[in-house]
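*Asks:* As a plain string of letters, each chain reads:
There are 6 protein chains.
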Amino acid sequence: MYAGLVRRALDEDLAGAGDLTTEACIPADSVSRADIVARVTGVIAGSQVARHVFAVVDPDVTVEALVEDGTEVEAGTVVMTVDGSSRSILTAERTALNLMGRMSGVATATHHLVRAIAGTGAVITDTRKTMPGLRALDKYSVRMGGGRNHRFGLYDAVMIKDNHIVAAGGITGAVEAVRSRVGHTVKIEVEVDALDQLDELLVVGADIVLLDNMDPATLRKAVERVDGRMICEASGGITPETVRAVAESGVDVISAGSITHSAPQLDVALDFRRD
Amino acid sequence: MYAGLVRRALDEDLAGAGDLTTEACIPADSVSRADIVARVTGVIAGSQVARHVFAVVDPDVTVEALVEDGTEVEAGTVVMTVDGSSRSILTAERTALNLMGRMSGVATATHHLVRAIAGTGAVITDTRKTMPGLRALDKYSVRMGGGRNHRFGLYDAVMIKDNHIVAAGGITGAVEAVRSRVGHTVKIEVEVDALDQLDELLVVGADIVLLDNMDPATLRKAVERVDGRMICEASGGITPETVRAVAESGVDVISAGSITHSAPQLDVALDFRRD
Amino acid sequence: MYAGLVRRALDEDLAGAGDLTTEACIPADSVSRADIVARVTGVIAGSQVARHVFAVVDPDVTVEALVEDGTEVEAGTVVMTVDGSSRSILTAERTALNLMGRMSGVATATHHLVRAIAGTGAVITDTRKTMPGLRALDKYSVRMGGGRNHRFGLYDAVMIKDNHIVAAGGITGAVEAVRSRVGHTVKIEVEVDALDQLDELLVVGADIVLLDNMDPATLRKAVERVDGRMICEASGGITPETVRAVAESGVDVISAGSITHSAPQLDVALDFRRD
Amino acid sequence: MYAGLVRRALDEDLAGAGDLTTEACIPADSVSRADIVARVTGVIAGSQVARHVFAVVDPDVTVEALVEDGTEVEAGTVVMTVDGSSRSILTAERTALNLMGRMSGVATATHHLVRAIAGTGAVITDTRKTMPGLRALDKYSVRMGGGRNHRFGLYDAVMIKDNHIVAAGGITGAVEAVRSRVGHTVKIEVEVDALDQLDELLVVGADIVLLDNMDPATLRKAVERVDGRMICEASGGITPETVRAVAESGVDVISAGSITHSAPQLDVALDFRRD
Amino acid sequence: MYAGLVRRALDEDLAGAGDLTTEACIPADSVSRADIVARVTGVIAGSQVARHVFAVVDPDVTVEALVEDGTEVEAGTVVMTVDGSSRSILTAERTALNLMGRMSGVATATHHLVRAIAGTGAVITDTRKTMPGLRALDKYSVRMGGGRNHRFGLYDAVMIKDNHIVAAGGITGAVEAVRSRVGHTVKIEVEVDALDQLDELLVVGADIVLLDNMDPATLRKAVERVDGRMICEASGGITPETVRAVAESGVDVISAGSITHSAPQLDVALDFRRD
Amino acid sequence: MYAGLVRRALDEDLAGAGDLTTEACIPADSVSRADIVARVTGVIAGSQVARHVFAVVDPDVTVEALVEDGTEVEAGTVVMTVDGSSRSILTAERTALNLMGRMSGVATATHHLVRAIAGTGAVITDTRKTMPGLRALDKYSVRMGGGRNHRFGLYDAVMIKDNHIVAAGGITGAVEAVRSRVGHTVKIEVEVDALDQLDELLVVGADIVLLDNMDPATLRKAVERVDGRMICEASGGITPETVRAVAESGVDVISAGSITHSAPQLDVALDFRRD
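From first to last, the protein sequence lines are chains E, V, D, Y, C and H. The first sequence runs 4 to 278 under the numbering used here. The second sequence runs 4 to 278 under the numbering used here. The third sequence runs 4 to 278 under the numbering used here. The fourth sequence runs 4 to 278 under the numbering used here. The fifth sequence runs 4 to 278 under the numbering used here. The sixth sequence runs 4 to 278 under the numbering used here.
There could be a bad hint or two in this list.
Have a look at the derived ranges for each label pair, beta carbon to beta carbon [claimed, not checked]: (1) E:Ser33 to V:Ala6: 51 to 57 angstroms; (2) V:Gly7 to D:Pro62: 54 to 60 angstroms; (3) C:Gly79 to H:Ser33: 54 to 60 angstroms; (4) Y:Ala6 to V:Ala6: 49 to 55 angstroms; (5) V:Val206 to C:Asp61: 31 to 37 angstroms; (6) V:Thr123 to E:Asp38: 49 to 55 angstroms; (7) V:Gly7 to Y:Val81: 56 to 62 angstroms; (8) V:Val206 to C:Arg276: 48 to 54 angstroms; (9) V:Gly7 to C:Gly79: 56 to 62 angstroms; (10) V:Thr44 to D:Ala31: 55 to 61 angstroms; (11) C:Asp196 to Y:Val81: 47 to 53 angstroms; (12) E:Val81 to V:Thr123: 48 to 54 angstroms; (13) D:Pro30 to H:Ser33: 27 to 33 angstroms; (14) V:Asp32 to E:Val207: 21 to 27 angstroms.
Simulated from the structure, these hints should not be mistaken for lab results. Cβ coordinates follow ideal geometry from the N, Cα and C atoms, glycine included.
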């Protein structure tokens, strides 16, 4: 799932010329033990990917994950230990940390939303606003943060959005066209941004309605009108501050682009032990 | 430079099954005109990449960039127009926006630092803490935001860091080992985090010193001791709030990981015109 | 969607050494006009793929499709004409025909089932028993034959089969485990091969039930018990001779592996015009 | 030889999202033992490829082949056993079976022809009418069914066919052009479909003559006229019913497209043991 | 045939960071006209490949080949002109020249042998001792130098060499084993390094005999003993000085590794016009 | 670093059809022991790459390197032993030898220059005139021959050459443009071919000057004028005969294209032991 990405990330760092510094100043037979440490509090994700980076650089490096993906750790926690050739550890370090920092960043951002809606019936999901080339890892990291996954791409569910409705000439026509063509395993979701659009949709029907950019009061009305006939999903302007009110409107699902497109990385670092 | 990435990003979104929604509800002969709009203020980057996404999906789509990369625009500015098959535009939309939003986000984060140090002699550079798979685009975006590029990877400059010094047994040994091995076109940079380390380095010499995590007062002392014999680079905890004091210490270069590893995306959207 | 496959298929035929025969006996400036002819009656699919083969070998070859994909033609029908360099046409010929023959073969096998159930409410779908490397083309060809597509892979719908139930320890546990984990856009299908299993499934519920290897009488009972609460899909031993009785049992969907895993190719050939 | 194909076939089934069903309903620590069973009588091929599929998904799954490739087995025979993680087995199952079913199908179709001509001096060979992307596996499967391989592609032997003769302006010119250009390791084969063409060919000479679409009586005359000066190969309309008469005409080689382009798969299935 | 190689060669030169010099010191709108000049006398090969390099870097650069591949030119001859963006020309220059210099070097080395045996009946061929990754281009260049191609690899002809005979336990056994297994389109060549081995081979028979490292007198005896029953190929220590005596021994083919494994490049350079 | 190249080199030799000879005449269970022997005196490089070739073909083959890369050996030295399946050894042989012969050839050519300047202060470096696709291996081989590496490509140092100066309109403008744009880790080198150009360069300054095609007397004057303010590099017409005089002019670095673009391979062969 991530072998190609890891290889490309290493290529970015090494190109054809390799690690000039390490090859020039570290003896080939030097061995070290290093700790990967979370410098700040957050949810860890990416242990397996980080392990894979070290394995690609040098199969003889030993990596031990001390913390399972999906665990929230405090600042200063050692999350992995790495033993083996000093050269190999130094060469793999940045690529492993960049991946783990990204993945843990997404998991942590997701966790902040999940925690904020605890006790409501809603679930947090991601969107397709993922980092180009990292979608599978981003979606995995969302699960590690306690979220669920929305569709993976344009290929695994139908989502009729604003622009489709414009191009197709209306909600009813769009839904009917889709229903007559897609296979029986595919769910149909339709985006509406006003209650009158919702009313039109309720006539033609769908599996899921995306209630876009509605305030909590409007969301509540929408949920009432739907009355269990479709899954209700809210999106738009979701932050740790606003998300609870959205969840309390009674929607089933809340999707948030920010947990993937704008998650700051979690600061993880690698420290050589001196002994 | 980005053809492989664009193809992979499209593959993530389309897999083998294509765009179910668009194929099912948009007639094959429908044509549209759409605007790509910056929803918030920021520096635009990625026009060429976005254009390439549309061209890969459909060479007959016409894309016009209204704003050059590197320009700061206000919220609401139309930065590109897209004309052609409605199906093609809808299929390419998310991939194009994800790339452009990322690139403009990095450019904007860079610009915030560059603006904060205006009038000092320092320049802002990136680090190797880039998004895996996106390094070339991240580094380009930094330039569009007014920054310069640090080394591209482990292969194009020597940087002797903390962990190298531990594994090599000291600064002097590390620098001498490197100098006797690398080619004459390679610059040598050494990281120090205290003034006594700097004193040791000044004896053995290097092209660049990385002054890591020093406060402005210490930085000023370091710059004085170096006295032009090496390029002085500061790093660690650089934010738009702290960066000016760092620059005023007299360092030549300030490198900041956050402009790539934690830049929030710039919100860009695609709107179909209704007419 | 098929660019990689076409390149690989051409590589199989050309390796590094190219087309020895054509390069040795056809003058570089010879031009020809050729017809692609269906030697037998069937449904055509693959015109665009065949066109792409010629375009990869030589962008200056002109290909005109005389028949749209999805059309049933009689034996002897000219379905495409090809004009241009004789060398290029001869080099591309076999790869283009192998692809078109395969795709038209799948479309034709599908059409035989679709025609046999005309007037019933059921639809024919494919399975995941596609030719390795050709899934997207196989699924497209099924649509051209009048069928619809089942899920594309393990990633776009849940199908709890016999072996999952064995490993999970029962239908109820398996369905509940899935429901608590997958996203809200994913449908859940469960395979049952006896009516008592169906009864267990009706309690826990699902979106689709796969009624595997049941005779028409049992299928009718199953459809009655489901009574609209799930989509009913039949599979197992579907042939043009047996399919109508299955459809008349009242099931919604009939899935058939044979239309992809055992479809004989449709005989299409390329004839140079002599004039 | 097949590593790329196996990876692509798995990608078709898994895309970025993986095996939703298995991950959701099978515990990560569940282990199983499963049998791969031939549901019908036929010749097995593809054990190594199937083993490779399991190994790619999970190197810790143990696969034991109970039957060597090239063996004819009766319906119900267990041909392989698979032990290990239930998740891994379920994820790899369809890809492994699709490959093994295809390969055994080709081997079985070949075997039907080989058996039909037992005792004549002729051998059965394949053609270039293989499944796109599967040529190496198709050719291997033909050998496992008791056939031999014709050329692998356009690159490893010269075959002057109908369309080459049209474009080159005649048999003699075509053969002479080829002979003056290709290397000394390459054999030259020429297709003729009538005895007067054969006479023209006998004057200019070749290594092999392809006697296309001739009835057994004409083939016998052709073999007599050739009288050992070229290898005689027959093709066109070869079926298990017609092949013996063709072989008894005295030809050396019989090539048949149907054993690759229209071989139905051999039904192989994977059953979990319940214990 | 060479698209992958060209892309990789450009990647070697550009990695992710591009052409620092050109981007920094040449204005984006500067256009130039440049000549590619052969600095020494030799046979030109690689015009199409060089053209492709420029096209990959910038489709708008115009390249005109003034000399056809296979032509011998004098020192100072302008063989191509290149017009377009100065940046693009400078970025593509080295890759284009490296390829053209290599290919012309191989063509020239071949030509030296071909010229030396003019008037004898022998032909010069290459071997499998080609530059890794460049086999197709090396073999093409040999043809441009007036040579013919030996087999392309291990896959398109049988060559029983010294080590095979050791491992198989003798010539006769090796030849018989091969003959019973390979297809009817494959020629069989056997290497012998002494006349008694030749005698053994003459009994069992083959299509081609490789007479390895024999002096001209021994070669003449070998040719006499073969007496037209096999093609005679000589190899070992072939240089422009020794090759004529080898050819005059009466062998049909002379194969030489040096024309690919040790050919010095032909010095070709690119000069910007100043006007 | 070389995994892709090794795979491609093996593909060139095997294509889809494999090693016809070995599969047909060597029993699957035959095992052998073979020696890789340097037939002539030279510096060995490529042991790890050769080992990798055997490992890709068959992980069970055992390879022992008897000589470290960078060692000069006499003709007849056994440099590696190879034990394992006879088939695997024969299939991998040519690819392994082609790589090792190339790499040792480059190391040996480098060594000839390095030895010739022993005792002067100068070092030998390579250029970008490497074999397309082999740059990383060529540069490694140069180091094994006692040389150092010049820049790896257009991306890791600035080199302002003749054509840049023409297109940029002069040395001063070119250098100033570069200096204002490239990052602080990049060195700037400028090519001059006359002393007056050098004088112009001394005013604007650079890190390295490339003194192109100057005779030793002119080089000496150039070195005097530079007087330690730049690293002095000489190039042009460097041979084992001329290089010492160049070195004695006082330059720091001598770069030579011939050690990569025209190095003859070192003759290494693989001999099966007979016992």
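*Asks:* The structure should be examined with respect to each hint, and the outcome stated for every one.
*Replies:* To see whether the hints hold, each was checked on the structure:
no.: 1; hint: E:Ser33 to V:Ala6: 51 to 57 angstroms; verdict: 40 angstroms, violated
no.: 2; hint: V:Gly7 to D:Pro62: 54 to 60 angstroms; verdict: 22 angstroms, violated
no.: 3; hint: C:Gly79 to H:Ser33: 54 to 60 angstroms; verdict: 57 angstroms, holds
no.: 4; hint: Y:Ala6 to V:Ala6: 49 to 55 angstroms; verdict: 25 angstroms, violated
no.: 5; hint: V:Val206 to C:Asp61: 31 to 37 angstroms; verdict: 49 angstroms, violated
no.: 6; hint: V:Thr123 to E:Asp38: 49 to 55 angstroms; verdict: 37 angstroms, violated
no.: 7; hint: V:Gly7 to Y:Val81: 56 to 62 angstroms; verdict: 44 angstroms, violated
no.: 8; hint: V:Val206 to C:Arg276: 48 to 54 angstroms; verdict: 52 angstroms, holds
no.: 9; hint: V:Gly7 to C:Gly79: 56 to 62 angstroms; verdict: 41 angstroms, violated
no.: 10; hint: V:Thr44 to D:Ala31: 55 to 61 angstroms; verdict: 59 angstroms, holds
no.: 11; hint: C:Asp196 to Y:Val81: 47 to 53 angstroms; verdict: 52 angstroms, holds
no.: 12; hint: E:Val81 to V:Thr123: 48 to 54 angstroms; verdict: 39 angstroms, violated
no.: 13; hint: D:Pro30 to H:Ser33: 27 to 33 angstroms; verdict: 48 angstroms, violated
no.: 14; hint: V:Asp32 to E:Val207: 21 to 27 angstroms; verdict: 24 angstroms, holds
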